[in-house]
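Trainee: Protein chains in written order, with this note's numbering: chain A, 2 to 480; chain B, 775 to 1246; chain C, 67 to 161.
Just so you know, the hints here were simulated from the structure itself, not pulled from any lab data.
Each hint should be verified, as a subset may be incorrect.
[What the hints assert, rightly or not] Far from chain A by the CB rule (all over 10 Å, computed), these chain B residues:
no.	residue
1	Ser818
2	Lys866
3	Arg882
4	Gln920
5	Thr1037
6	Lys1050
7	Ser1053
8	Ser1159
[To be verified] If you anchor each label on the Cβ, the simulated ranges turn out as follows:
no.	chain 1	residue 1	chain 2	residue 2	range
9	B	Asn1107	A	Asn70	55 to 61 Å
10	B	Ser834	C	Met103	52 to 58 Å
11	B	Asn1107	A	Ser239	42 to 48 Å
12	B	Lys1166	C	Glu87	51 to 57 Å
13	A	Asp255	B	Glu1191	55 to 61 Å
[As the list claims (entries may be wrong)] Covered stretches of chain A (chain C as the covering partner; in silico rule of three or more C-beta atoms under 8 Å from a C-beta of chain C):
no.	segment
14	10-23
15	104-114
16	125-138
C-beta: ideal position from N, C-alpha, C; glycine also.
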Amino acid sequence: MKDNWESVIGLEIHVQLNSESKIFSNAPTKFGSDQNLQACEVDLGMPGTLPVLNEKAIEKAIKFGVAINAEIAKKVGFARKNYFYPDLPKGYQISQLDDPIVGKGSIEIQLGDQEIKTIGITRAHLEEDAGKSIHDLFENETAIDLNRAGTPLLEIVSEPDMSSSEEAVAYLKKIHSIVCALEISDGNMSQGSMRCDANVSVRKKGDKKLGTRTELKNINSFKFVEKAINFEIKRQISCLEKGEEVVQETRLYDSANNTTRSMRSKEEANDYRYFPEPDIIPIQITSDQILNIKKELPELPDEKKERYINELGLSEYDSRNLTYDLQLADFFEKALINFDDPKLLANWILGDFSAILNKFDVEANNSKVDSVKFAELLSYLKEEKISGQAAKKVLENIWENPDVSVSKSIQDLGLEQISNDTEIEQIIEKVINDNPTQKEQFLSGKDRLFGFFVGQVMKESKGKANPKLVNEILKKKLV
Amino acid sequence: MDLETLTLQEQISGLRDKKFSSVELVENYISVIGNNEDLNVFVSNDFERAIAKAKKSDSSNNIQQDMPLNGIPMVHKDIFCTEGVKTSCGSKMLDNFYPPYSATVVERLEQAGSICLGKANMDEFAMGSSNETSFYGAVKNPLNKQKSPGGSSGGSAAAVAANFSSFSTGTDTGGSIRQPASFCGLVGIKPTYGRVSRYGMIAFASSLDQGGILAKNIKDTAIALQYISGYDPKDATSIKTKVPNFSEDCESDKFEHVVGLATNLINSFGDENLSKNYSKAIKRLAKLKIKTKEIELPNLELSLPVYYVIAPAECSANLSRYDGIRFGYRAENVDNLEDLYFKSRGEGFGNETKKRILIGTYCLSSGFYDAYYKKAQKIRNLISSDFVNAFKDVTSIMLPTTSGEAFDLGSITDPIEMYKQDIFTIPANLGGLPAISIPFGEKDNMPLGIQFIGNILEESSLLNISNKFQLD
Amino acid sequence: MTIDDKTLENLSKLSKIKIDENLRNKLREDLNLTINMIDEINKIDCDQIEELSHPIKDNFNLREDKVFKEIDRESLQKTSNKTEDGFYLVPKVIE
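Only chain A is shown next, with the shape it has when bound in the complex (with noise of 0.2 Å):
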C-alpha cells in the first residue's frame, strides 16, 4: 500500500452451525445430499407451516459468545428481514435485530513478531441461511436448490478494527480456531461451513473520518480473503488518486480473475423493513444456563498456546501457528505421546507435514500418515539413524504408499544414515584428494569453503552420511 493510505476493514462471518436439524425445522443438515432432498415444508416456506427454534443453535451461539468474553442475551428476539429471491422461499429471513443473543466482545490477534492486538467483535446474532441459487445448469433458467435453507447461521460481526488483509486473515483464522475448538461448527469452508463478508474503506493517514466503503461478498478461502481485500483497497485507492468517489455498494469477489465487480448500488439499496418476528416469542436465557455452558468450555486456541508455550517449552510464534489450526495441533498432541522433543515435533509439523498437506490439500484429520508413524520418523531422525533431508524422503514416501512402514521405507530408499567412523572417513579423504585446489584455499583462510567440503561430502554419501560426523571428522582431516 502506497504510504499515506491506510485501510479500515470489517469482517462479517457467517458460521454454519452444527446441528443435527435444521435452526427452525426437522430437516436434516447434512452436506451434500441430492437437490431439495432436505427441504421439508417448512424450510420450503409452505403455506401454513411455522418455525421452531432448535435449542442446540442457541446453545451453541452461548458457547461462542461465553469463549469470547461477550455479554450474551437475557431475551433473544427474531425478527423478519424481508426481500425476494428465489432461494429465500419465505420472501423473509429469519434473523435477529435487535436483541442479538452475543453482545460486544473481542478477541486477540497477533502478526509474526508484532504486538498483540485487540479485535472487537460488535455482536453476533443467528439466523437461518438461504438456499442455493445455480445458474449454469439450465441453458434458459436458475435452477433453485433449498436443502441450505434453514441451516442454522451464526453471524460474527466485527468492528473495523482490522487495517490490512494479513489481520483480517489473522482474525478469521482466530475466529476458525474458536469455532472449531467450541465443536459448534466443522468450519469447512470449502463446503461453505463458514463464509466471510468483507467491509472495505480507505483513508489518508491520520483522517479521522471513516472513507466510503464497500462490501465484498462471497469470500470462501482464508486465501481469497486476503487475495479480495488486497484488490478492493488497490482499487479504492486508485480511485480516490484519480479524484472518483469510491461508491458505497456491494462487490462481488471473483476469485478466477481475482478482481471485485460491482453487484448492486446504494440506489437500489434494499428496504428490508425489518419486524419482530411473530412466529417466535423471544426467548429468556438464564445465567444457570449460562454459568454451565461456562464449566463445560473446552480448551480454547489461546489457553492452548499458552500450555505450549509454558508447559511444552515452545516458542509463541510455534505455539500460535500450531493452535490456528486445531487439527494439527492434535495432531502434534497425539504424535507428542510417541515423541517427546515437543520443539523438534513442533518444528516438523509447521514444517514439511504442513507443506505435504498443502501439496495435497488435505486437513491433518485426513493424513496419509497418523501421527504414530510421524511420531517413528522422527524417532529416527532424533536417534541420527537418517538425515533431515532423508526423513523428508521417507515422509513423502510413506504418504505415497501408506502401507509401508516407516523401517522398510527407508531401506528402500537406502537411506539409513552412516554413521560409521571409517566409512565417512573413507568418504571425506576422496573428496579432499578430489578437490585440491580448495584444500589449498581453504588452508589459507577461506573458511566458506568448509562448507563446500560438507556439501560434496552429503553429495557422495548420497545424503545419508551423520551430518554431525561429517562436520567432526572434516574438522580433524582439514587440518
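Starting from the known structure of chain A, arrange chains B and C on it as the hints suggest.
Mentor: Using the frame of chain A, we list chains B and C on its own:
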C-alpha cells in the same frame, strides 16, 4: 327425523345408540348441501372420501373411547391445510394448491374420528368481513340470501346455519369467527391465542390469528373446541398447559362471575339500536342475578387503527412466500424473474389482499416504521393493559359482537365502513384473549350477537357464563 | 402523510405486486382512506410505553435437535408448476 338439524351432542348420542349410522348422517348432509348449492358455501367438497370414512366408522362398531367424534361430519374453513384436498384460502393464488400435509387442527379432529365434508368458502386469505373478497364469490346468508353471512369465516358460519354440518372450524384474526356467528345466529368462539395450534392454518396475521369453532349452541361449541385445543410442538406460540374439560365446565356450578360492562363506551357510539340491545343484555344479566361491574376500556377505539397497522404489516411478510415458484399461481409468458414475481402476485392476489399487503409494506417501510408499526405496537400494549386492569375486577367483559345485523351483500362499498365491522371484536385479538359470540336479540328478522371476552386461558369460564346467559 | 403515485410505485416494487393501470386510482384512494384512519394513532402520546409484539408473553417453546422425517421431494414438488430433476426453476437470473 331430520338428521341435519341435530346438534353435535345429539349426533354423538344417536350414533352411540345406533339410532342412525354415520353413512346416513353423511349422505343426508350431502343431499341437503346438493339442494342448496346457490349458497356458495363450499370451495371444494370431499364427499367420496367422507362416505368411505363413514362406512369405516360404522363398521368399527362402537364409538371408541379415544374417538369421541367417531363418524361425525363437519366442515373446515378452507384456510386449514388438508392433505391431498385442495386448500385455496379463498384465493386464485392457491386455486391449484393441494397441500402434502394437514393442519394440526385437521389432524386432531380426524384423530377424534370426525369426517370432513368439504372446505368452506371464505374471504381471500381471511381478509374481509363480508365474504365478498373470495375468489370464488360471496357466500349467501342462509337466513336471508340477500345478506352477507359475515366474514372471513362466512362459509363456515353458513354451513352450520344451513344445516350442512353441526359444527365447523373457523379462524379469527379480528372477528372472523364471531362476526359471522353473530350474522348467522350461531355460537362462535375464538380461544386464547396459543390455545389452538396454528400449524397448517394459512397465516394472515400471525400474532392475531387463532382457530376456533362455530356451532349451533354452547355445549356443541365446547365439545368441538376440546378436540382442537392443546399444545402443539409444531407451533412455538402454542401454550403448554392442560386443556380443561370444556363441555363439563360449560354446565358447571363452580364458576363465579362478575361481568364487566362498558355502558358508557357503547352509548358513546350514538347508535340507538346498539345501545338498546346492550341494555337488554344487561337486564338479562340482572334478571339472572349475575354480578356486574362497569369498567373502563379507554383505548378500545384505537383498536381499529392499531389493527390496520399490525395485521397488514404481518400479512405483507406472510404473503411474500406466494411467488409462483414452489406452490400456487405462476404467471405464464414472463420475461424474467422480476416479471414472474410481479405478474404471479399481481394476477394471483385479489384487490383487498393487494391493498392490505401494500398498507403493511407502507407501515414497515423505511421512514414510516416508527410512526406506524412501532407506535401501533405501543398502543397495542395500552389496549392489552386496559384488559389486564379490567380483569382485576371482573371475570369476563360483555360487549356487542357487531354494531348491527347482517348487511346486504354489495351494500358496503366504503372500505373504512367495512373495516369498522370489527370494532368490537378486534380488541380481544390484540390482547390474545378468548372471546365468544352468542345469539342475542334480533333486528329486521336477522339475529344479533352478544360477545363475552375472557381472561387468558379462561375459555371454561366464558363458556359457562355464556351458557348461564342463554338459560333465560 | 399520503400515498402518491411515486409512493405507490415504491410499494409495488417492494411487495413485487403489479398494479393494473385501471385500478391504480381507486387503489390509491382506498389506501389513503386507510392511512387516514390509521393516522389516529399518531394523536396518542405513548413514547414511554413498551411495544407489544406477542399477546402471550414469556411463552417461548424450543425444539430438540432431532431429525424427524424422510423428505418426500416428489410429493412436496407436486405443488410446483415448474421443477426439473428435483430443482425448482425460475427464469434465468443474471447476477
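Trainee: With reference to the structure, classify each hint as holding or not holding.
Mentor: Here is how each hint holds up against the structure:
| no. | hint | verdict |
| --- | --- | --- |
| 1 | Ser818 | holds, 15 Å |
| 2 | Lys866 | holds, 14 Å |
| 3 | Arg882 | holds, 15 Å |
| 4 | Gln920 | holds, 33 Å |
| 5 | Thr1037 | holds, 34 Å |
| 6 | Lys1050 | holds, 39 Å |
| 7 | Ser1053 | holds, 38 Å |
| 8 | Ser1159 | holds, 18 Å |
| 9 | Asn1107(B) <-> Asn70(A): 55 to 61 Å | holds, 58 Å |
| 10 | Ser834(B) <-> Met103(C): 52 to 58 Å | holds, 54 Å |
| 11 | Asn1107(B) <-> Ser239(A): 42 to 48 Å | holds, 46 Å |
| 12 | Lys1166(B) <-> Glu87(C): 51 to 57 Å | holds, 55 Å |
| 13 | Asp255(A) <-> Glu1191(B): 55 to 61 Å | holds, 58 Å |
| 14 | 10-23 | holds (count 3) |
| 15 | 104-114 | violated (count 0) |
| 16 | 125-138 | holds (count 4) |
Going through the hint list in order, the structure does not satisfy hint 15, though it satisfies all others.
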